[in-house]
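2 protein chains.
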Amino acid sequence: MANWIWYPGDFEIYHGMRQNFDREERGFFWPAYWHIADCRRHVVFHGAFAPDRETRFRVTAKGIGHVLVKWQAEAPEWFPKGQVFYQERKYRIGEWITCPAKEIAVDVVLGNRTGLPCIYVEGEIICSGKDWTVSDFIKPAVPVGYNDLYVRRGQDPQEFEYTCQSCSPVSQEERNGGILYDFGREITADTLIHIDGTKRPEKVTLCYGESRAEALDTELCYLKQVLDIPGEAEAAALTYRTDSPFGKWDTGRCYHTRLRAFRYLFIPEKEAASLIRPEALYKYVDFPKRSGFSGSDELVNRIWNVADTTFRLASGIFFLDGIKRDRWIWSGDAYQSYFINQYLFFDKDICKRTILALRGNDPVMEHINTILDYSLYWIISLENYYNMSGDLEFIRMIYPKMESLMRYCMEQTDEQGFLYGREGDWVYIDWAEMDKEGTLCAEQMLLARSYEAMAAVRRLLGLGEEEFVRKKELLLSRIRRFFWDEEKGAFIDSYQSGRRKVTRHANIFAIIFGFADSEETGSILENVLLNEEIPAITTPYFKFYELEALAMLGRFDVVMESIRSYWGGMLEQGASTFWEEYKPGQPEEEQYGMYGDKYGKSLCHAWGASPIYLIGRYCMGVRPTSAAYDTFEAAPQLDLFGHFSCFFPVGQGTVWMDWKDGVLDVYTDKEGGVLKADGREYPLVPMQHVIINRK
Amino acid sequence: MANWIWYPGDFEIYHGMRQNFDREERGFFWPAYWHIADCRRHVVFHGAFAPDRETRFRVTAKGIGHVLVKWQAEAPEWFPKGQVFYQERKYRIGEWITCPAKEIAVDVVLGNRTGLPCIYVEGEIICSGKDWTVSDFIKPAVPVGYNDLYVRRGQDPQEFEYTCQSCSPVSQEERNGGILYDFGREITADTLIHIDGTKRPEKVTLCYGESRAEALDTELCYLKQVLDIPGEAEAAALTYRTDSPFGKWDTGRCYHTRLRAFRYLFIPEKEAASLIRPEALYKYVDFPKRSGFSGSDELVNRIWNVADTTFRLASGIFFLDGIKRDRWIWSGDAYQSYFINQYLFFDKDICKRTILALRGNDPVMEHINTILDYSLYWIISLENYYNMSGDLEFIRMIYPKMESLMRYCMEQTDEQGFLYGREGDWVYIDWAEMDKEGTLCAEQMLLARSYEAMAAVRRLLGLGEEEFVRKKELLLSRIRRFFWDEEKGAFIDSYQSGRRKVTRHANIFAIIFGFADSEETGSILENVLLNEEIPAITTPYFKFYELEALAMLGRFDVVMESIRSYWGGMLEQGASTFWEEYKPGQPEEEQYGMYGDKYGKSLCHAWGASPIYLIGRYCMGVRPTSAAYDTFEAAPQLDLFGHFSCFFPVGQGTVWMDWKDGVLDVYTDKEGGVLKADGREYPLVPMQHVIINRK
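Respectively, the protein sequence lines represent chains A and B.
To convert, note that position 305 of the first sequence is 305 in the UniProt record's numbering; the numbers rise steadily by one, no gaps.
To convert, note that position 334 of the second sequence is 334 in the UniProt record's numbering; the numbers rise steadily by one, no gaps.
Source of the hints: derived by calculation from the structure; they are not laboratory data.
Warning: the hint list may mix true and false statements.
[As the list claims (entries may be wrong)] Chain A side only, calculated, beta carbon under 10 Å to chain B, not exhaustive:
id : residue
1  : R41
2  : I64
3  : G65
4  : G111
5  : D136
6  : F137
7  : P245
8  : G424
9  : V427
Glycine is no exception: its CB is placed at the ideal position from the N, C-alpha and C atoms.
Using the sequences plus the hints, can you model the full thing?
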């Protein structure tokens, strides 16, 4: 079997640019506002073979170039004795090339000004795969990039292959002089507008909505397109496709829009709507169902299912933030998706694709997404990815980019070793009022965690970890000295401003990264986490970390209550996917707004799916205790539910747990597991049930 | 009037990649084998206006994005007092936008994954031009790039607009069972194969040749294409264009190939040839005729004219090396073209386009074209360009790239300050046997000249020149100490190899850069330039410098004899354009070969056009004596010709000279000129003839 091959990382960088250019709003586009890396346009692939018989091969390529074949041949007289003479010949891409049974070196020189230079080499002996190398005319050749999704000649790695499903509206109703179609659930889909009859409307206006209210608001809905319908004669002549970035005519009887996220479609012209038939071509990546949860609390079950739906929608080629908006790849959002993925799809490839697309190329030009903290999450994510996957090949490949980004961050630390924002850097952390004057405590927590990740990864690669172990220790002692406020019993945002403001964020990091000692931990729990005077977290994004901290401290009472009230609160407001932001008590007419835009809020946002992780990792207590789940544990909190039934991935294996009538039944197909329940440990033997009867 | 605008340099970098991907050979492509820079894909344009009345504008763009308009507005209550409040709104590209009579800031956010992001803004007050700035999300905004070729909305800066001329064969003859068409002269043209009649051939093979021999060699000709002709019915259905990189069907009756360089076209199938009609669509840039020369020596007149033809063909968007091959942009070749251009078209824009395309982007990744000397020529060319043009705006824009390339070179100097080649660097200088062990003298001469150019340009920009003046002086003294061989009375190639080999190259540079003192000069003239034991120069490329050196030393006898024998020798071999290489006495069957390829030699090569420069600069003695010809001189060598009539550009003006029957008549329309003749100087007053009667 042969693979399509390319410069490593370039497939992801190429599709990353497409993704980051994919935001649409009210008839215009909004490419992401940071430097977006581009793939190489010009590379040479190298393969080496020693066929034992005459053999032939053919190169298929995206781009222009040629094939240079060298084989060992009898030296001509003028050639220095004792050296190997190679005969060299150039061939066309696409032609079958026959080689003798000799040492063969194949170079494929390729340029592609508008896309991803990549090749597919097929032959009995000579074919393309991960043993090829590639160079970009600057650096020495490196092993090629490839993806097991692309293994056939007829494929095109420039197009990501989605699974498609045709959807019709589940209901329609007359509203405001038009027709409102409901597709039953939110989807990311191309819209097909079919004109089945002989009578043709002149114009069809498509108003989309994640909510009914949005679709019906023909002035302010976020996604809208007006189609001018050609007449019968003109339509008949439409043998070509009139492309625009917004869509094209498949035929004179079917207009095919670009992909959009919506549940509702409103056509304000009733007469026009009666002449057309809308269809949605739902496009998605068919990730496996590697986990499930159902328990005695129906609300929690619904939350689990809606989180599953939300996360599947927001996971495509890459982990996105939201499916209507921004459709960009954000490192902080992706960082949480890696965790959720670990408890839902356990798909390694989407992690790698997202990591590569986020990072782009060296040299580092600016922080990932321009955000200081997002560079740090990216660094930390590599250690997390290894712990989940044990994929050392990828870690080895990406390491140079990890180190260059780490050093880029280290260049902007002050005399205390604290990371500061330079002009143009965004010091984000969360949508919250924080005291960002001077260096910010939460950033230093992430920096310390990054040093720790660097040390861990360097240890894995045998590179020597001392520099980063030392840096982490020194930084933690400085953080304590400058940011810990004895009186408040908490970390403050800024020591330079003099305001000594306490927010939850740095304190949460201190807990989840294990940087707080037991005394500090107790103090943070009391003075910050359980202190209602400290402003509440308003984004599901930071709820993730807050609830993780509380779960780590055993406060499952607060965790479950929060899940029920916060995520349950969204369900009460009619959510069928989880939102970017939720402020309990916000008036209904404001609940879809954000960024000063009435429908600016994303109603299907990946970071809303964290209950998957919180339930799997903490309530059910499933986690690796060594890389790739070589060893793992399941430590369910049996008191949280009257009964539950669940399963979770443990590396390539699965663990199943059933709790009912005081009996826990745990089963796994994977070696290395331990069950922890009621303060005791039970080894898990593959294919054997462990049954604990509490009664 | 509005201009299309883009990120400065990106138009040239975009077209530079197209150009460097444009080499075709025997049915395949050969993208240049170095790192080729790519344009930015994602930029924001900024314009600021203060209309005195309501006004509207419209943005046209290549790419996707939106228009963000901010205008000063009444501050809402919550806004801090005393600060200017801007109202902000996003608009679609393509829509008319109305603005009030207030301070207006316009941002156009644009992405273009496959081409050059560029915009055209039209409006009575708000329109695009050189006062806009642009940023790439990394560096602070800079003034936009623009080109006065692109000033209309309907244009597309992604396509360079050539002048086109339809050419039919001037003759055709039956040869080898096929038809050989002669287009009368070499051209760069798309080939149109028309099928006028009802009978259609099945297949047409196109064999191209710069020479008759090449076109008739159906096996080995460099450019060849086999067309499968669709049948009548299939052709009728060809309503779409079946694109391939080699050509397309304009209609079912006309196949349109890509641009190729040729004079002869051979179709080996006589029957097929009788059913088609070939047409050539000659594409060129219509550079002005700013000079002319005709004198008493008919051979020199022919050489001038053939050089003019050669140079026009090789000058398009950029200065190319050769028009059949490589069609790439080479810095060393371009360096000579700048000089020839100064005496033929005096076109500044092609210089700037070539300089920008060659240099690409920062950071420097490798030497220009991978060649050490070619980086240095690029640096030197900036001083030369300023001296010709006085274009300080361009020098200011390009200076950061000049300095970064200079410093890149300085990083690879040894303890003596000598530049050495690193792995992957090509130490070229010329196609000649040179002793390249250790550091090479000729490279050090170019390095010293580069330091001089840096000093000159920094002086112009008021940046302080001392560093480079010192570096130049120190380097020259080291060159003397290590490379001057007292015994041989010449500079040697290498002092490290111990071979002390003398070639012409470094010695020629010592003369033309003015680095040799009078004693060394005399010694070089005798021991190298006039010494037949030193291997002769075989490329027109280095003949350029050799003859320049001899002309500077007043040896016009040798210069004219060389021009007549060397360039005249090519004419005797049937050349209608000048060649890449010429070895007098080479057997006819070998004369088109190079690089081990029977037709590998380029028969229309820019560096063959140097007689234009040698005649203009030295024989006719026209040169600027201050930047942009503010002052200039004409110092014709009257004894070289019985009579001559010529004109040359002197900046935006022209100088005309007529010499006949012992009377010299000089006339100019430009201030600042001096005539030097017979050891005397005569001021040239615009619109007045200066007449010198020698009799």
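- Message: Holds or violated: the hint that A/D136 contacts chain B, with Cβ atoms closer than 10 Å.
- Response: Nearest chain B Cβ about 7 Å off; hint holds.
- Task: Answer holds if the nearest beta-carbon of chain B is closer than 10 Å to that of A/P245; otherwise answer violated.
- Result: 5 Å, holds
- Query: Quick one, is the A/G424 hint okay against chain B at 10 Å, beta carbons?
  - Reply: 9 Å, holds
- Residue hint A/R41, partner chain B, criterion CB-CB below 10 Å: 5 Å, holds
- Status of the hint placing A/V427 at chain B (closest C-beta pair under 10 Å): At about 18 Å, which exceeds the 10 Å cut-off, the nearest Cβ of chain B leaves the hint on A/V427 violated.
- Item | Restraint check, 10 Å cut-off on beta carbons, for A/I64 near chain B | For A/I64, the interface hint holds, since the closest Cβ of chain B sits about 4 Å away, which is under 10 Å.
- Go through the hint on A/G111 and say holds or violated, using the shortest Cβ distance to chain B against 10 Å. 4 Å, holds
- Message: Would the hint on A/G65 be counted as holding, given a Cβ-Cβ threshold of 10 Å to chain B?
- Response: Because about 5 Å separates A/G65 from the closest Cβ in chain B, which is inside the 10 Å limit, the hint holds.
- Status of the A/F137 interface restraint (C-beta, 10 Å, chain B): 4 Å, holds
The structure fails to meet hint 9 from the earlier list, while all remaining hints are met.
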